[in-house]
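Colleague: Chains as they are written, first to last, in UniProt numbering: chain A, 1 to 229; chain B, 1 to 347.
One should not assume that every hint holds.
Here are some of the chain A residues that sit facing chain B, going by a computed Cβ distance under 10 Å [stated by the list, open to error]: (1) 48; (2) 50; (3) 54; (4) 75; (5) 79; (6) 80; (7) 83; (8) 88; (9) 89; (10) 95; (11) 96; (12) 98; (13) 99; (14) 100; (15) 101; (16) 104.
Within a straight-line C-alpha distance of at most 20 Å, the following computed DMTMM-like cross-link-like pairs (lysine to aspartate or glutamate) qualify [as the list claims (entries may be wrong)]: (17) B/337 <-> A/124; (18) A/129 <-> B/213; (19) A/129 <-> B/326; (20) B/211 <-> A/84; (21) A/129 <-> B/212; (22) A/86 <-> B/214; (23) B/215 <-> A/71; (24) A/86 <-> B/212; (25) A/129 <-> B/214; (26) B/211 <-> A/71; (27) B/215 <-> A/84.
Calculated directly from the structure, the hints in this document are not laboratory data.
Remember, predicted model here, so these are calculated numbers, not experimental data.
Each residue gets a CB set at the ideal place from its N, CA and C atoms; glycine is no exception.
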Amino acid sequence: MLQVAGIDVAYGHAKVLHDVSLDLEEGKMLFVVGRNGAGKTTLLRTIMGLLRPLKGSIYFDGGDITGLPPEQLYHRGIRYVTQDKKVFGSLTVRENIEIAAYSSGEPLSQALDKVLEIYPKMKDFLNLKAGQLSGGQRQILLIGQAMVGNPRLLLVDEPTQGLAAIVINEIARILKHLKGRLSAVVVEQNLPLVSQLADRVVVLKEGKVTQVLDDASEICNTSLLEKAL
Amino acid sequence: MGNVVKERGLVLEKTFVAVGKQLTQAGVGQKALELILIGVVFLILVPFLGAHRATDFAIFCIIVLSFDLLYGYMGRLSFGHLLYVGVGAYTVGLALRYLTTNPLLAIVLGIVAACLAGMAVGAITVRIAGAAFALANLAFNRVGWFLVMSPLKDITGGENGLSIRNLSFWYVNFRNPTFRFWFVLASLLLVFLFLRIFTSSSYGVLLRSIKEDEKRVRFLGYNTQLYKWVTFVLAATVAGFGGALTALNYGYVNPNTLDVHANAGIVFACLLGGSGRLYGALLGGIIYMLITNLLPVYFQRWEFFLGVALLLIVFRFRGGIWGGLEALYSGLAARVKSGSSKEGMSR
Numbered sequence: 001m002l003q004v005a006g007i008d009v010a011y012g013h014a015k016v017l018h019d020v021s022l023d024l025e026e027g028k029m030l031f032v033v034g035r036n037g038a039g040k041t042t043l044l045r046t047i048m049g050l051l052r053p054l055k056g057s058i059y060f061d062g063g064d065i066t067g068l069p070p071e072q073l074y075h076r077g078i079r080y081v082t083q084d085k086k087v088f089g090s091l092t093v094r095e096n097i098e099i100a101a102y103s104s105g106e107p108l109s110q111a112l113d114k115v116l117e118i119y120p121k122m123k124d125f126l127n128l129k130a131g132q133l134s135g136g137q138r139q140i141l142l143i144g145q146a147m148v149g150n151p152r153l154l155l156v157d158e159p160t161q162g163l164a165a166i167v168i169n170e171i172a173r174i175l176k177h178l179k180g181r182l183s184a185v186v187v188e189q190n191l192p193l194v195s196q197l198a199d200r201v202v203v204l205k206e207g208k209v210t211q212v213l214d215d216a217s218e219i220c221n222t223s224l225l226e227k228a229l
Numbered sequence: 001m002g003n004v005v006k007e008r009g010l011v012l013e014k015t016f017v018a019v020g021k022q023l024t025q026a027g028v029g030q031k032a033l034e035l036i037l038i039g040v041v042f043l044i045l046v047p048f049l050g051a052h053r054a055t056d057f058a059i060f061c062i063i064v065l066s067f068d069l070l071y072g073y074m075g076r077l078s079f080g081h082l083l084y085v086g087v088g089a090y091t092v093g094l095a096l097r098y099l100t101t102n103p104l105l106a107i108v109l110g111i112v113a114a115c116l117a118g119m120a121v122g123a124i125t126v127r128i129a130g131a132a133f134a135l136a137n138l139a140f141n142r143v144g145w146f147l148v149m150s151p152l153k154d155i156t157g158g159e160n161g162l163s164i165r166n167l168s169f170w171y172v173n174f175r176n177p178t179f180r181f182w183f184v185l186a187s188l189l190l191v192f193l194f195l196r197i198f199t200s201s202s203y204g205v206l207l208r209s210i211k212e213d214e215k216r217v218r219f220l221g222y223n224t225q226l227y228k229w230v231t232f233v234l235a236a237t238v239a240g241f242g243g244a245l246t247a248l249n250y251g252y253v254n255p256n257t258l259d260v261h262a263n264a265g266i267v268f269a270c271l272l273g274g275s276g277r278l279y280g281a282l283l284g285g286i287i288y289m290l291i292t293n294l295l296p297v298y299f300q301r302w303e304f305f306l307g308v309a310l311l312l313i314v315f316r317f318r319g320g321i322w323g324g325l326e327a328l329y330s331g332l333a334a335r336v337k338s339g340s341s342k343e344g345m346s347r
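In isolation and in its complexed conformation, chain A is listed as follows (with noise of 0.2 Å):
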């Protein structure tokens, strides 16, 4: 389903992914895990149109995307949920989703059920000011909004970081809910989670690929995991 092929990404004059490739089956979830600066965000970014590779190709679907607009890809079904956990804080909940909703085309109670579906305790913030949600509800309001249309693959930008174990437990249900349901590629470094949900693991060390874990007894094995990194 998306296939990223030998790929490098440069910022000015410092290449930062060398010769990057990486395959996803449909339904499949992939694992991106490495340490600060490995290059996880910006395999993300390239993969999301907004830096362009020196070299090699990104295929979604077997159709080249390589340096598509952001907003091409949406509509191809790509949706990307950025690390930085910001939604719209002016709006309402309702209106971050009512934009979604917009965008897709999809009735607007349709999409609310769909964020409920994943997260029900958010009908109590309809009508709050997203900025005022936690962090995690910021989170959960993001993949909620992703959901919305019909999303094909998911690009998730560490889900977890800096959040609250509870939290974390909770995004970890909704990833495992999600999971069959679409593709997609998760830059995590919680390996617990990992080894949890993840159906292939690629290990990014100094923006090259070191390592690719397929066996569900080596990502079920944090240590060997951490060893990895």
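Take the given structure of chain A and dock chain B to it, following the hints.
Modeller: Frame of chain A, contents of chain B only:
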């Protein structure tokens, strides 16, 4: 090219659907009440200011409303908005001189001309943001002013301006101040109603999202350049309507209509009332006009008070007067709510 036209068509279609939905869903009674209240405020002003001055106030409010769409809702500060007011005004003047004797047709032509000017300038300026956007618009405004003053002075009258002929046609008589007042008041209410519906629709939510974080809006599948362009054109069109009415209210157009320095007045009125709030734009328009019309009678250096007011807004009341009133209301409502819940608990 074909794709761009198709995409623009889709944006327009989506806009109409969003506005139409809002029109059919939102309370008609509430909107009617709002329009009546605005009308009453202007009627109250007439005995104090006279019909001509009150008409002037209403026209200024239309221009501030158009600017608020651009700045208050979409977050794009322009120092060249008066270009479209000037285009509307001069088109009315020239149309009534050379093309038609019907002022209503001239107004339509003024609106169309401002719309076309907005389409051309917007196609260039919406690609940039921040100070560059403000200054690029100022530059276009300056170009418009230069065209009126110099290369086109044979038809625009240059510095001397252009007196308008054919102010009356059939029952439409713009020589009559009472008629002008009612016509402009009806126009203001129409513009307000349209913008009220427009900004309350999903499109309005989109504009506020662009104001907050344009990049994230792109992640949600929006070609923000197109939406910004449509909004820019709409703001220019409404400003052109204001310009057309200005020309008919004075029976005269001069280069001051598109004087770049006068843009500060629109920005000031919008900030004073509270940007991003249609009522704020109305209130700001009225108060700014009161200040600039009445203070000079009592104080020679009345601009000092404008400066102090602007400083107060920037440092203390970012939401302007209307924003301050909203904050006061929600504070009082919260106090009443907590008071009644305490009372309930003590019982």
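Colleague: Can you verify the interface hint for residue 50 of chain A: is its Cβ closer than 10 Å to any Cβ in chain B?
Modeller: With Cβ-Cβ at 8 Å, under 10 Å, it holds.
Colleague: Interface hint check: residue 83 of chain A, Cβ to nearest Cβ on chain B, cutoff 10 Å. Holds or violated?
Modeller: Result: violated, 13 Å to nearest chain B Cβ.
Colleague: Could you check if residue 89 of chain A really has its C-beta closer than 10 Å to a C-beta on chain B?
Modeller: Where the cut-off is 10 Å and the nearest Cβ of chain B is about 7 Å from residue 89 of chain A, the hint holds.
Colleague: Holds or violated: is there a CB of chain B closer than 10 Å to the CB of residue 96 of chain A?
Modeller: holds, 8 Å
Colleague: Does residue 79 of chain A pass the interface hint, meaning its C-beta sits closer than 10 Å to a C-beta of chain B?
Modeller: holds, 8 Å
Colleague: So, as I understand it, the hint says residue 95 of chain A touches chain B; can you test that by seeing if any CB pair is closer than 10 Å?
Modeller: holds, 5 Å
Colleague: Residue 211 of chain B and residue 71 of chain A were given as a pair; does the straight-line alpha-carbon distance stay at or below 20 Å?
Modeller: holds, 17 Å
Colleague: With a cut-off of 20 Å on the C-alpha distance, tell me whether residue 337 of chain B and residue 124 of chain A pass.
Modeller: Holds - the C-alpha atoms of residue 124 of chain A and residue 337 of chain B are around 18 Å apart, at most 20 Å.
Colleague: Hint check: residue 215 of chain B vs residue 84 of chain A, CA-CA at most 20 Å. Holds or violated?
Modeller: Cα-Cα ~13 Å, so holds.
Colleague: Using 10 Å as the Cβ threshold, decide whether residue 48 of chain A counts as touching chain B.
Modeller: This interface hint holds because 7 Å falls under the 10 Å limit.
Colleague: Any CB of chain B closer than 10 Å to the CB of residue 88 of chain A?
Modeller: holds, 5 Å
Colleague: Please work out if residue 86 of chain A and residue 212 of chain B have their alpha carbons no farther apart than 20 Å.
Modeller: holds, 10 Å
Checked against the numbered hints given earlier, the structure breaks hints 3 and 7 and satisfies all the rest.
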